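*Asks:* One-letter residues, chain by chain:
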Amino acid sequence: MAELNLVEAVNHALAYEMEHDPAVLVLGEDVGVNGGVFRATVGLQARFGPARVLDTPLAETAIAGTAIGMAAMGLKPVAEIQFSGFIYPTIDHIVNHASRLRNRTRGRLSCPMVLRTPSGGGIHAPEHHSENPEALFTNVPGLRVVVPSSPQRAYGLLLAAIRDPDPVVFLEPTRLYRLFKQEVADDGEALPLDVCFTLRAGNDITLVSWGATLQEVQAAADLLAAEGVMAEVLDVATLKPLDMETILESVTRTGRCVIVHEAAQTGGFGAEIAAGLAEHGLYSLLAPVRRVAAYDVVVPLARLESQYLPSVERIVDAVRKTMEAS
Amino acid sequence: MTSVSQFQVDFTRFLDPQGEALAPLPDFAQDPAVLLPLYRAMHLTRIFDSKAIALQRTGKLGTFASALGQEAVGVGVASAMAGEDVLVPSYRDHGAQFLRGVKMEEVLLYWGGDESGSNYAGPRSDFPVCVPIATQVCHAAGAAYAFKLREEARVAVCFLGDGATSKGDFYEGLNFAAAWQAPMVVIINNNQWAISVPRERQTAARTLAQKAIAAGIEGVQVDGNDIVAVRHAAQQALDKARDGGGPAVIEAISYRLGDHTTADDATRYRDAEAVEKQWAFEPILRLRNYLLRLEAWDAKREEQLVKECTEAVNAAVEAYLATPPPPVTAMFDQLFATLPPAMQAQLDTALRFENKQGGGHG
Ligand SMILES: Cc1ncc(C[n+]2csc(CCOP(=O)(O)OP(=O)(O)O)c2C)c(N)n1
Ligand SMILES: [Mg+2]
Chain F
16 MAELNLVEAV
26 NHALAYEMEH
36 DPAVLVLGED
46 VGVNGGVFRA
56 TVGLQARFGP
66 ARVLDTPLAE
76 TAIAGTAIGM
86 AAMGLKPVAE
96 IQFSGFIYPT
106 IDHIVNHASR
116 LRNRTRGRLS
126 CPMVLRTPSG
136 GGIHAPEHHS
146 ENPEALFTNV
156 PGLRVVVPSS
166 PQRAYGLLLA
176 AIRDPDPVVF
186 LEPTRLYRLF
196 KQEVADDGEA
206 LPLDVCFTLR
216 AGNDITLVSW
226 GATLQEVQAA
236 ADLLAAEGVM
246 AEVLDVATLK
256 PLDMETILES
266 VTRTGRCVIV
276 HEAAQTGGFG
286 AEIAAGLAEH
296 GLYSLLAPVR
306 RVAAYDVVVP
316 LARLESQYLP
326 SVERIVDAVR
336 KTMEAS
Chain V
24 MTSVSQFQVD
34 FTRFLDPQGE
44 ALAPLPDFAQ
54 DPAVLLPLYR
64 AMHLTRIFDS
74 KAIALQRTGK
84 LGTFASALGQ
94 EAVGVGVASA
104 MAGEDVLVPS
114 YRDHGAQFLR
124 GVKMEEVLLY
134 WGGDESGSNY
144 AGPRSDFPVC
154 VPIATQVCHA
164 AGAAYAFKLR
174 EEARVAVCFL
184 GDGATSKGDF
194 YEGLNFAAAW
204 QAPMVVIINN
214 NQWAISVPRE
224 RQTAARTLAQ
234 KAIAAGIEGV
244 QVDGNDIVAV
254 RHAAQQALDK
264 ARDGGGPAVI
274 EAISYRLGDH
284 TTADDATRYR
294 DAEAVEKQWA
304 FEPILRLRNY
314 LLRLEAWDAK
324 REEQLVKECT
334 EAVNAAVEAY
344 LATPPPPVTA
354 MFDQLFATLP
364 PAMQAQLDTA
374 LRFENKQGGG
384 HG
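Residue numbers (this note's numbering), protein chains in the order written: chain F, 16 to 341; chain V, 24 to 385.
Treat the hints with caution; some may be incorrect.
Derived lysine to any residue pairs resembling SDA-like cross-links, with alpha carbons at most 25 Å apart [to be verified]:
1) V/LYS74 - F/HIS139
2) V/LYS300 - V/SER73
3) V/LYS74 - V/THR346
4) F/LYS196 - V/ASP287
5) F/LYS336 - V/MET366
6) F/LYS336 - V/GLN367
7) F/LYS336 - V/PRO364
Stretch by stretch, here's where chain V covers chain F in the computed footprint (C-beta under 8 Å, at least three residues) [to be verified]:
8) 43-51
9) 65-73
Calculated from the structure, these hints are not laboratory results.
The model shown is predicted, which means the values in this text are computed figures rather than measured ones.
All C-beta atoms in this analysis are idealised placements derived from N, C-alpha and C, irrespective of residue type, glycine included.
Work out the full structure: start from the sequences and follow the hints.
*Replies:* Given below as structure tokens:
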């Protein structure tokens, strides 16, 4: 077993699957010789050759579009978008083709592709390098949206995403790439898609989050535990399709829920979870559901970044208010 | 069979690397009074770049994209522009921006993570730098259309890189501007690299200039390290566009002597020796060689110039470092013309947590 950080776990998952499935290939800008600007694909071109690890010309529209053609013809492309702020040109292809090729052809053609990208803020990157576009994709029928929160989950979920017969948007929290290491058994074991993971058990309140903000949620849960408030922490992991059952089971026990996410609040994925609780869990709620999300503002440049990202303080504050209400 | 279309792409170079004239020079190139400000502007750009990289290395600036080796492209083009023209720059074009009146401390503020660095005190109509590759070509086409519609004698001048010519926005913007015969001049800053991808793997096309021809626009190549050639071609394109002659595309061939940005390590993908060889062709040396031939330059003036530019850069750095971080309200106050009432609660939250934040966000 090796100690890996999240970006290394991505690299190992890609290498494992390329080794075991000749249909898998990687394409994107600077993914070959340079190994990707974050080094997610480092060593892959040397190992599997330039025909399976393609340094593409600079064009996200064509990266997504050619991946669809490859996928429809039996390959399993894993396309990298260099930064999430440059994923927008892919949306035409993802929405109009990848997500509906199966439906349009009654299953005759399908699109087993993965679109992976570093996502979110927290590394003081330049303009357009810190966006979190998750909610744009969770609104698209026929698409899976997956966000890993640790090296182990990145490894297992990426393998599952590549093996999945349908298109997956895989958003890797940039801030976690090198934040910490974990033991990852590079054994090709995938984790299940479409389920939430319980990171911490507690009976007083349910904290629901995914990706990078689970760092702040866990830190908040530690602080709250010292005050005697035992929070249950759920990692949603696959935003779509959403495992509402696990969330409802937890909230039925705790009666309280705070949802935390890094993307902007309005139309954010937290609203979907809150709506699910209103529809199916209202009678078990002891307090209104709260959201801690980014403000509905343009992602600021680095000097205001820490004021923008949901903080431990904001989460603790929301939990205290939720605990006080009854 | 009959041939219905043929094309040709011309390449222009006036000065060879030793500063010797290869062809009769345009008038301006005979006049040291015109050339010396260009020489200064290229030096200033290079000194600014090395200072900015030093700031980044010591944690005082964010990621930065230097123009090392490409100074003649930005300076040559911007020096041919009229004040009322509009610059639509990419992220590596501060050399052009300085000539337009953008302040060095503004550029530092931008890369240092403060949006106020894009609120240029000088050229109020120039666009901010464009990071999403090639999208700016469409903006330039739209700006040019606005000038045409209002019958203003202005030109939109757009910069992009060699890699950027692979993107649809580039072709689409060219096609629109040509269909509209709008006054747009596009400068392809071909520095041979798009991060780790060399020009030959970006496209099978023999030149980037020929991509213009498919849109019905004349495309020419110039030696981008020869500021005389760059300025001359830019002047011709600007004059033509201003006179209603429609858009133009200039491919300026240069070389990225530095890393892509401070976040990049070019030794991973290119041979240091090949880069070393390119230093013989760099633009400042070339113009200096020519000025020496004209007897318009000497070592003493060189020393004086470097000193003066260094002082100007240092003053800008001080102004930048003395600028306090923006208040949290800055995230809200330019979101819309007036803050919608629905946003007030979020602003209140932001104010309540101002400076009490930062847990875990290094
Ligand atoms: C749409 C988009 N995709 C990817 C990037 C990331 N990126 C920044 S610069 C760059 C290479 C650009 O190369 P080129 O156009 O030749 O310009 P240069 O940087 O060499 O000046 C890439 C891929 C981006 N900024 N925008
Ligand atoms: Mg380039």
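*Asks:* Please list, smallest to largest, the hint numbers that this structure does not respect.
*Replies:* none
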